[in-house]
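**Q** Protein sequence lines, in the order shown, are assigned to chains Y and A.
At position 263 of the first sequence the residue is numbered 274 (the working numbering), and the sequence of numbers has no breaks.
At position 142 of the second sequence the residue is numbered 229 (the working numbering), and the sequence of numbers has no breaks.
To be clear, the hints were calculated from the coordinates, so they are not data collected in a lab.
None of the hints are false.
Using 30 angstroms as the maximum straight-line C-alpha spacing, the simulated DSS-like pairs for lysine-lysine come out as follows:
| id | chain 1 | residue 1 | chain 2 | residue 2 |
| --- | --- | --- | --- | --- |
| 1 | A | K516 | Y | K247 |
| 2 | A | K503 | A | K447 |
| 3 | A | K503 | Y | K393 |
| 4 | A | K386 | Y | K49 |
| 5 | A | K167 | A | K177 |
Chain A stretches covered by chain Y per the calculated footprint, using a threshold of three residues with CB under 8 angstroms from any CB of chain Y:
| id | stretch |
| --- | --- |
| 6 | 476 to 488 |
| 7 | 502 to 514 |
The calculated label-pair distances, taken between Cβ atoms and stated as ranges, are:
| id | chain 1 | residue 1 | chain 2 | residue 2 | range |
| --- | --- | --- | --- | --- | --- |
| 8 | A | A500 | Y | Q319 | 22 to 30 angstroms |
| 9 | A | K177 | Y | R438 | 56 to 64 angstroms |
| 10 | A | E347 | Y | M412 | 54 to 62 angstroms |
| 11 | A | A500 | Y | R438 | 23 to 31 angstroms |
| 12 | A | R308 | Y | N408 | 39 to 47 angstroms |
| 13 | Y | N190 | A | R479 | 49 to 57 angstroms |
As the structure is a computational prediction, the values presented were derived from the model and not from experiment.
Cβ atoms here follow ideal geometry from the backbone N, Cα and C, with glycine treated the same way.
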Amino acid sequence: MKCCVGIDLGSTTTKAVILAESGAILGRGITNSRSNYKIACDVALSEGLIGARFALVASALEGSDPAAGSGRALLAELEHGLREQQYRSQLRVLSEVMHRFMAEGDSDALREVVGEILAAMERGAAELFRSGASRKSDFFRDLAGSIYLRLAEEAAKTSPVGFDRLVGLFDKAILDVENRPTDAGNFGRHARAALSRLPEAPAALTRAVEEVAEVTLDLACTVGTGYGRATLPFPKEQIRSEILCHGLGAHAMFPGTRTVLDIGGQDTKAIQVDAEGIVISFQMNDRCAAGCGRYLGYIADEMNLGVQELGPMACRSSRPVRINSTCTVFAGAELRERLSLGEKREDILAGLHRAIILRALSLLARSGGVSDEFTFTGGVAKNPAAVRALRGLIIDNYGEMTLNISPDSIYTGALGAALFARREWLRRGSPGSGEATSDRGAEGGRAA
Amino acid sequence: MPTPIDPKAPAVSAVCKEDSQLRQKRMIAEHYHRLAGCPGSGEKNAYTFVPGNLTELLRSFDLLPVLPEINALQSAMRGKSREYIAVAEKLGHSEDVCTYVKCDLGMMKSGNVGPTGERLPDPDLLLLSYTGCFTFMKWFEILKEEYSCPVAMLHVPYQADGVVTEEMRRYVVAQLKEKIIPALESVSGRRYDEDRLREMLALSARAEDDLVAVLESAKHRPSPIDAYFGGVYYIGPIFTAFRGTPEAVDYYRTLREEVEERKRLNLGPVTPDGAVDRERFRLVVEGPPNWTSFREFWKMFADEGAVVVASTYTKVGGVYDTGFRHDPSRPLETLADYCMGCYTNLSLPSRVDMLSRYVKDYDADGLLVNSIKSCNSFSAGQLMILREVEKRTGRPGGFIESDLVDPRYFSAANIKNRLESYFQMIEQKRMHAVH
Ligand code: SF4
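Bound-form chain A, shown alone (with noise of 0.2 angstroms):
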């Protein structure tokens, strides 16, 4: 039973940094930094996406993975993308493209250059996984035009029946040995090294572990996590550049223990505007968030006591709380069933059954899906995965609606009224299950 809580007392206390998220800032920066660089360094780089993404393999040949997604949503936190978007309408681009290729192609045409202010390289490979979006084709298609650089092309089969069976396996396998490391070594000038990849995976190994041990803090109550708003940080490096590496493992090893102190403290999760006090409500979330107004759309949450106990955005680089690890025994196998088993390639019964198992391990009060109106990929089936969880867990779900980074897709007041009605609604019938 929910304990009670007195309604007036302020969810919100005060602001502070933590160890982790400075040393992620400076991971990162030093990354863009290191691409910037490229053109002087010689260093070569992969223009790649984030689900299912071979970050160690492009590593082993020394080749710097660039992430357009991650490029489009870090323009949106800096508030370019309206900006982006527009250079891309005029292009040609219709409204209801996804906005992360409109966001992407808009930064490239105004000069490509990076969130840290600095110009990225031009690709030297563009390295297409294919897991479940179709956009990914289109959007390298038309970069494809642009730079007149290699493609090269991984496809993922998609989990139709929810399990990766053997040929699964070794279709993606032949094509990396086939296509892929082929690829990467022309492009590199280098000769594919196993042994140097298994040490990476056995660094990616590690990171992994501790990242699955934060997100499941959030079984504590009060979580000292939030898993969706916090858990984009928390993701950020193990599904950019830095799976494999060491700093990836000293990252998530200082954020464990972070995470850990402030459980066994009984704290609540770290936000913008400071810690959440009070866990009021504890939901499980669906679909990306809104990267325009993410700072604004998080307070919405926090300012009412809402934390986010589990999301299934956390797993679209790879799922690892069903106990996957890369595995050095078997290098291009683990590679193979990482890109096959990231969430955009899981069909819609699997990510039902993956919501519902969330929602009662975690304990949360219910689902609550953030459908994405230029993301067909994601938001197609959204509703009949709410009902179904629904009926599965006897919680109530909720439903709103944003984009990723068009600043015009987000309606604070109309998102706001629908979150506000959703904790209204837990309330009501925490308070008859109470009565």
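For reference, chain Y alone in the conformation it holds in the complex (with noise of 0.2 angstroms):
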């Protein structure tokens, strides 16, 4: 079955997103990107592949039993099994490596320890991710890291290998795990064993499983975007600009869009669209990436918290405190100084937010202003005192119209990536265009 793709090589995360002929969306798939961005790039599709199949798994069993109101329950149950299987084969090579790293000159009290924080962390995968379980990430590092440190912070209380070396010794492993392919994509494999775990799966999911773990998903065509597009490996005729992507993808999420906003890890985007998706206009940060993404993190770390902590503690604001500077340094002195004087966290934060938001507005206004309707795409559309800080001066500024975030907002750029490569498809003449493989498609499943 032929399908095309789009992945987006952001600077932080990969993300793919796979189209069926139809141009609805089968599949999505994220990872973080590094170092070696063809695995990420492979790593993000194969995660795309993966939920396509779940798509079409999805598919055949409303065809097969419309009436089995447990399918989409057993679906899920199924995906939560599959991640398991992905996680527990990425925990086999991460053991693998380490004890590789570890084979020459070190103690075997070093070995006894980490063989025993790895079998710990074996023992705990079922907890992880049983339904229902809360997982601060999906992405293997995150997961295996957080996990590992905790593990690692206690082993070093009783035993003489310090908390350092089992560190450090993570942190090299997890480099390699990460750089080298995994078989984490192999549907089938994981599916089956997945399946062999589910109490009573009932012979049709089995047999859509079966069936949909022999379908060749055939990559029909591939387009590239994002910060690190020029470093995969496509032709050039199959890479767009991000500026494009970003129009195209907010346009097929919401048709009414005319102006687009993304705030990604490197760089703010304000972009006009046309009622078509076309690029109108647009402007970008300069050189300086104060008040991108790349910001919060920074200030996630100077208050020792997670990104995604920092919008919801923002938000419980009163008083936000005024933030002149979104000079990553500057805000950095400001935060402590604030912090000194005794200001609240939150009221910093929401301060913080807002001085973002205030840097993208003025490249929206440089761009051609805001207009009906607005969307806000990226990472930072996900953090709730961004998007509280937008609204209000979007209508201070410009008064109240439809300010559109998609959950799906992160992969933006990738749907548009993928629309551009249906497009070229389609254009070469493709066989068989037009016929649905699904009627699933996310956004209304709109056709390019």
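With the hints as a guide, bring both chains together as one complex.
**A** Printed below as a string of structure tokens:
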């Protein structure tokens, strides 16, 4: 079966969106960007393809037994099971690499402690992926890293092996684990393993999994975009700028969109699109990344918080502090000064969010203003404090208007790229175009 | 409708140097050499600025012009500007000050060694023609402290309504007669010789005819020249020391012949990395180029087959394509008109008119603005210009930001990103228009 793919190689995360021939979204994949772009791209793609296969299983199930209400719940179970299998398979790779790194000259004590930590991680895997469990992140590095650190800290208390040694070993190994291809994308194997652990899997589900595992997903055309697009192994005509991809992606999600704001890790873009999603003007921040996603990362580090904790904390503020600097370094200084003056963390954070949005507003103004409908994309669109500040400032400056934020906003660029890929494929005179392979496409499954 | 293009074909072919390029190189080197020899030869010089410069008048007194902006950009192209700017910043000049100024001051403080490696003479006169940029005054105030030589100031009224009136002309001519010419007489020790000036102005007009023909050759498809990156070479002799000289006449004649031949053969412009064989985008560019990464900057365009068919930067010394030519029959009046007509002296509405006309006359895909971080004079109002030209022409505008001679302000990845996006935006619009 043919599908078209968009890859968005961002500075912090790499995203993939898989489109069916009809243009409907089949799957999405995300991973953290790393030193080896090719692998980041492969991992995001294989995650996206797994998502696509789940979509196929779902549509097969719905077709076979429309009355089966438990189908969706079962599918969710299956997905948890599959994630667990992927996690386990990566844990095995981690263990192998760590043991390899310890081979020469390391003490037995170290080998023993590491072995125990890894075994405990293996034992905890099922709990981590049971349905309803909350995970801080879906990236192996973060997930395994935080558990490893916790276990290492405990182990160091009672063993002669120092915590630093344990952490150093993990840091070295995780790079290796991330930068080598894994078999995490093997849908058939992991799904079968997950199925075998599901009590009473209905025959229809087993059949659907078997069928879907056999389907060949043929990548008819791939287009790359994002910060690292130049490093993607694609020919030039299969590379599109982020501006165009965010414009088209936002248009596909919300066809009424006229202005798009994307706050990414490294840059902020203000984009104007016409009724067809064609970019008519744009502005980008220049050489300084102040006010971009990275700025929030820096603030989070300064405050010893996770990035995703910043927004909710800032939302608790009732008296935001006025912060003027979006220069990352100044903001750090301003932050420490405010803290020393006894200002509340949430008030300072609310001020910082406002400062970022003020800067974005200047770019928006320069790109031609904000028009209804306005769509906010990129990682920062998930941050409630940023959204709140944006909403307020837009109303103050431009009046009431529709502000669109998709829960899948992080995939906007990849979606745009996938739509370009599909156009390219159609342009080349694709066979059998227009045949719907899935009617589930999110965002209304708008074809380009 | 644009011709369909094979996107996979390389845009640039082999490198070649044209006769005019070599000739210009020689002319400029000889000029700097002559300047270096001033203390020995007794020749005198005047430091002055490019916009609306009075080269013929200076030359008619046998004074050699020295142009600090040109020295600064030459320093940048030789990779010296970082060091010079650092020297100026040590003296207390802030990061935001026009980097031409800092580069020039740094060069002066580092021994005033010019682009050919020879020391430039101290100024015998600071001739400040004030055309639109306040920074010029401050710049020469600083130089005056250093050199304690006379300063003559020509105040050029701004064309607020987009026209030169008779009063404005009289005002400039009066200054020429009462202030500038006496100052030149006193510094040079020669009497004002109007006949000599007329001869020079006649030579100017001839060179100007050829320059305009060269710049207008870009109306042809494919354009045989790049009117921005290539254009800055073409304006070299006419806006620096050579207007009114037989060398300039010869240079522009040769250049015109070369360009006409390229046009006849349907060849694209020559770039340092080869000729652009496939013209994919035709652009009008507003704003000065970046000099520190000039070649890299140009390559970003050439690699995409983007050719600049008209630019305003090539009009900073003076605007000729609206019909102005130096007129020997009214020497001082024509000099006054020239000063008032230079690009930096035009109002924003006149700039919008000019750019919209360029987009249409040269059948460009759109207007690209290169906004200069440290130049308030050029950069103010550029976004308004962009929007207005977009509105009038219906062609998309693009906006990039860099600097003149400060390498710290040039972010290649950022500029490339924006350029790529802009080119793809044009392409997308084009494809849409076809479907
Ligand atoms: S016009 Fe711009 S570049 Fe020229 S001197 Fe003035 S500030 Fe500097």
